[in-house]
Amino acid sequence: MQTDFPLFPDQASSFALQVDALYFGILALCVFFALLVVILVVIFAIKYQRKSDDEVPRQIAGHLGLEIFWTAIPAVLALGVFVWATVLYFHLITPPPNAMEMYVVGKQWMWKLQHPEGKKEINELHVPLGESVRLTMTSEDVLHSFYIPAFRVKKDVVPGRYTDLWFKATQVGSYHLFCAEFCGTEHSRMIGTVHVLEPQDYEAWLTGGTANEPMEVAGERLFEQYACHTCHKMDGTGRGPSLAGLFGKTVALEGGGTALVDEAYIRESLLNPSAKVMAGYKPIMPTFKGQISEEGIIQLIAYIKSLKVPELTNME
Amino acid sequence: MAITEQDVQASEDAPSVNYLNNGYGLKSWLLTKDHKRIAVLYIISISIFFALGGLFASLVRFELMTPEGDLMSSDTYNKVFSMHGIIMVFFFLVPSIPATIGNFLVPIMVGAKDLAFPRINLLSWYVYVVAGILGTIAVVGGGVDTGWTFYTPYSSTYSNSNVILAAMAAFMAGFSSILTGLNFVVTIHTMRAPGMTWFRLPLFVWSHYATSLIMLLGTPVIAITLVLLMLERGFGFGFFDPNLGGDPVLFQHLFWFYSHPAVYIMILPSMGVMSEMVASVARKRVFGYEFVAFSSVAIAILGFLVWGHHMFVSSQSTYAGMVFSIITFLVAVPSAIKTFNWTATLYKGSIVYDTSMFYVYGYLGLFLVGGLTGLFLSSMGLDIHLHDTYFVVAHFHYIMVGGQVMGYLGGMHFWWPKITGKMFPDIWGRVSALLVFLGFNLTFFPQFILGYMGMPRRYHVYPDEFQVLNVASSLGASILALGYLVPGAYLTWSIFKGPKAPDNPWGAKGLEWETTSPPPTFNFEETPVVTEEAYQYGPIEEH
Numbered sequence: 001m002q003t004d005f006p007l008f009p010d011q012a013s014s015f016a017l018q019v020d021a022l023y024f025g026i027l028a029l030c031v032f033f034a035l036l037v038v039i040l041v042v043i044f045a046i047k048y049q050r051k052s053d054d055e056v057p058r059q060i061a062g063h064l065g066l067e068i069f070w071t072a073i074p075a076v077l078a079l080g081v082f083v084w085a086t087v088l089y090f091h092l093i094t095p096p097p098n099a100m101e102m103y104v105v106g107k108q109w110m111w112k113l114q115h116p117e118g119k120k121e122i123n124e125l126h127v128p129l130g131e132s133v134r135l136t137m138t139s140e141d142v143l144h145s146f147y148i149p150a151f152r153v154k155k156d157v158v159p160g161r162y163t164d165l166w167f168k169a170t171q172v173g174s175y176h177l178f179c180a181e182f183c184g185t186e187h188s189r190m191i192g193t194v195h196v197l198e199p200q201d202y203e204a205w206l207t208g209g210t211a212n213e214p215m216e217v218a219g220e221r222l223f224e225q226y227a228c229h230t231c232h233k234m235d236g237t238g239r240g241p242s243l244a245g246l247f248g249k250t251v252a253l254e255g256g257g258t259a260l261v262d263e264a265y266i267r268e269s270l271l272n273p274s275a276k277v278m279a280g281y282k283p284i285m286p287t288f289k290g291q292i293s294e295e296g297i298i299q300l301i302a303y304i305k306s307l308k309v310p311e312l313t314n315m316e
Numbered sequence: 001m002a003i004t005e006q007d008v009q010a011s012e013d014a015p016s017v018n019y020l021n022n023g024y025g026l027k028s029w030l031l032t033k034d035h036k037r038i039a040v041l042y043i044i045s046i047s048i049f050f051a052l053g054g055l056f057a058s059l060v061r062f063e064l065m066t067p068e069g070d071l072m073s074s075d076t077y078n079k080v081f082s083m084h085g086i087i088m089v090f091f092f093l094v095p096s097i098p099a100t101i102g103n104f105l106v107p108i109m110v111g112a113k114d115l116a117f118p119r120i121n122l123l124s125w126y127v128y129v130v131a132g133i134l135g136t137i138a139v140v141g142g143g144v145d146t147g148w149t150f151y152t153p154y155s156s157t158y159s160n161s162n163v164i165l166a167a168m169a170a171f172m173a174g175f176s177s178i179l180t181g182l183n184f185v186v187t188i189h190t191m192r193a194p195g196m197t198w199f200r201l202p203l204f205v206w207s208h209y210a211t212s213l214i215m216l217l218g219t220p221v222i223a224i225t226l227v228l229l230m231l232e233r234g235f236g237f238g239f240f241d242p243n244l245g246g247d248p249v250l251f252q253h254l255f256w257f258y259s260h261p262a263v264y265i266m267i268l269p270s271m272g273v274m275s276e277m278v279a280s281v282a283r284k285r286v287f288g289y290e291f292v293a294f295s296s297v298a299i300a301i302l303g304f305l306v307w308g309h310h311m312f313v314s315s316q317s318t319y320a321g322m323v324f325s326i327i328t329f330l331v332a333v334p335s336a337i338k339t340f341n342w343t344a345t346l347y348k349g350s351i352v353y354d355t356s357m358f359y360v361y362g363y364l365g366l367f368l369v370g371g372l373t374g375l376f377l378s379s380m381g382l383d384i385h386l387h388d389t390y391f392v393v394a395h396f397h398y399i400m401v402g403g404q405v406m407g408y409l410g411g412m413h414f415w416w417p418k419i420t421g422k423m424f425p426d427i428w429g430r431v432s433a434l435l436v437f438l439g440f441n442l443t444f445f446p447q448f449i450l451g452y453m454g455m456p457r458r459y460h461v462y463p464d465e466f467q468v469l470n471v472a473s474s475l476g477a478s479i480l481a482l483g484y485l486v487p488g489a490y491l492t493w494s495i496f497k498g499p500k501a502p503d504n505p506w507g508a509k510g511l512e513w514e515t516t517s518p519p520p521t522f523n524f525e526e527t528p529v530v531t532e533e534a535y536q537y538g539p540i541e542e543h
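From first to last, the protein sequence lines stand for chains A and B.
Take the first sequence: its position 280, counted from the start at 1, is 280 in the numbering used here, and no numbers get skipped.
Take the second sequence: its position 240, counted from the start at 1, is 240 in the numbering used here, and no numbers get skipped.
If you are wondering where the hints come from, they were derived from the structure by calculation, not from laboratory data.
Backbone N, C-alpha and C fix where the C-beta goes; we use that ideal spot for every residue, glycine too.
You may find that some hints are simply not true.
What the hints assert, rightly or not - Cβ-to-Cβ under 10 Å is the rule here; a few derived chain A residues that face chain B: (1) 26; (2) 29; (3) 30; (4) 49; (5) 70; (6) 74; (7) 87; (8) 160; (9) 163; (10) 180; (11) 187.
Bound-form chain A, shown alone:
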């Protein structure tokens, strides 16, 4: 990947240059102030060395102008850095709407990843060059943190909720994937490799090897296995709402308020169904907590996402 003794990480995502620019910007500021103070105190030490034991220098109480000066300058500079860093942050956490979706489940001590097309990976992630990729992540047990230094991205992976991160790889190669949040005995072996492939190589990789069931097909199978379809009829005549075209919509809730139907909402509705019931329906859905794995939930989500507004009126 690199020489034996690198001093700087690879720059392999569209963020790398932006993050590094901020890094060097702050570094320049720090070097300036550090040198300023160091040079001053060294000059003072040389120039004002004590000449005799009973020497008493002039006692200067202070200087209001100077105090205001060196309060205001750091304050203004600090706020400037704040604005720069925060604007960058919002860019780093806001995936473009057309990003490819992939899914991550962390557990002690491995990363389980799945592509919408069905391909599953452990401790390896293949992504196409130049495509925006958004990862939806959760953990089966303790806190983990998904970290790809060469991409300058990191996000905690939290049990009981979904977090996400996105990136656009800009350089073909293999890069470290680390768990950055201490997670127990083999924390430092919860590592893997991210492979950035040319788009055609990625397609070849995706279709190569053993045939995998696409996530939405796996989800559909689960949907029938758990008899979801008996209530969530596609034509809306069931005891539960039709899920077709529901993903991404904002729905009214029983008892007031609204909720956006996103990954987290679907997960909550499976595990704690009565928390947010859609208006017009009764809280009769049983919980599936402990019955469907995190990966199964993610496959169900992929299936529900794939349900377009119905032309499928003749399901029954």
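With chain A held as given, fit chain B onto it using these hints.
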């Protein structure tokens, strides 16, 4: 450092009974209510824990010399770095300066006979010792592997180590620190000598006042957080584990609500030490006294409002993160004010090249790096990359070890003649300051580079390309260890063989230098009356 004949004369005329020879035997020490004796008890006990924490640090650095995990198992490694952190934070850094130098000096500096509650002061030491014993039992009985941060649900559900015992030890240590803080606040408010107005207080007292406020207001929160953790682990209460209906991120909010302010418990006292030492080294009033004093209070207050900067990638609200980020940037301002005022104090001073000066300069250098690298981590866009890497490890060691330990060692040298009544060899003091400064930088500077390259913290094994910098860091650590062992040796030697110290060996200002070395049990023969400002080496010129 010439000692004039007059000085020697003065100390020979001093009353022969001082706090050290006023009673011998174990009982006279273990039941003492004298703040100075309690300070000595604290010095001995925190030194033991510093040595223990340092031993664990050495094991970490030994293991990390090679990328493979070849010295110990991963479980052992995780326990070693956890116990290094828990011991250093709760049993060394938090009490380090306040319970020792602060305990000794705060009453003397305000012109009082003792702290407001001498029995509570002794109680705080006993609570600390019991906490220390509990912590030691946790270590000996198999250790704890959660890191000093005790993050849930790992600590509450998944870890197979002595979490409850270790949390109990940290919980108890917290009470010892609450008692110390309470004593300082009441003493500073009510026991100042006639004429000792707030703006005549030495800056050391101001910084201890600010520290005490944090101890009083922040420590109860960590206490309750650890109780919640113990209840979840012991009885399955669902506070933090999502499987029990809890929220793991809630723990982080509660933990850092104390532990970020606690970082200022671990730096503010050393800033107070530096203000005293800079004034003495330059023989000059601290430039902008009021600004330095209020910057301590500003740091204490702002310090309570920045805890979320430990959680930028934890899934906390983005907008909350923005608020935490901007307030964190504002903490840079009072830190900058202090640094510039210390620099200005040296301007046109009368600077002596002794041990104190070496420690002051070393501290300035390390604190500059530690403080400035905080700017990288408060930047949200950059913290995504840097969070939980060695960059963070390097940054907080520059603050806590480069700052607080440098301040503690510097202060111990500066007030050693007052505490023990003996002089140490100045040449060795300068050598130790140099060793610490060089060893420290060699240990921790490479870790900034490692962190930016992406090496996560708490890694037992690591990819090969990180080895060279890790070896450099381990080499530095051995120099640093030497830098800590050398003062241990010559300071101990000086207790038995060192020349007798005059009352004011450095020609410094302050009530502690007006009493004898070592001071009498009640500090002063008669209550001092203060008629001048702090650090009044000569007539003060206003600008």
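Okay, the hints, checked on the actual structure:
{"no.": "1", "hint": "26", "in the structure": "holds, 5 Å"}
{"no.": "2", "hint": "29", "in the structure": "holds, 7 Å"}
{"no.": "3", "hint": "30", "in the structure": "holds, 4 Å"}
{"no.": "4", "hint": "49", "in the structure": "holds, 6 Å"}
{"no.": "5", "hint": "70", "in the structure": "holds, 4 Å"}
{"no.": "6", "hint": "74", "in the structure": "holds, 4 Å"}
{"no.": "7", "hint": "87", "in the structure": "holds, 8 Å"}
{"no.": "8", "hint": "160", "in the structure": "holds, 3 Å"}
{"no.": "9", "hint": "163", "in the structure": "holds, 5 Å"}
{"no.": "10", "hint": "180", "in the structure": "holds, 4 Å"}
{"no.": "11", "hint": "187", "in the structure": "holds, 6 Å"}
This entry satisfies every hint, going by the numbered hints stated previously.
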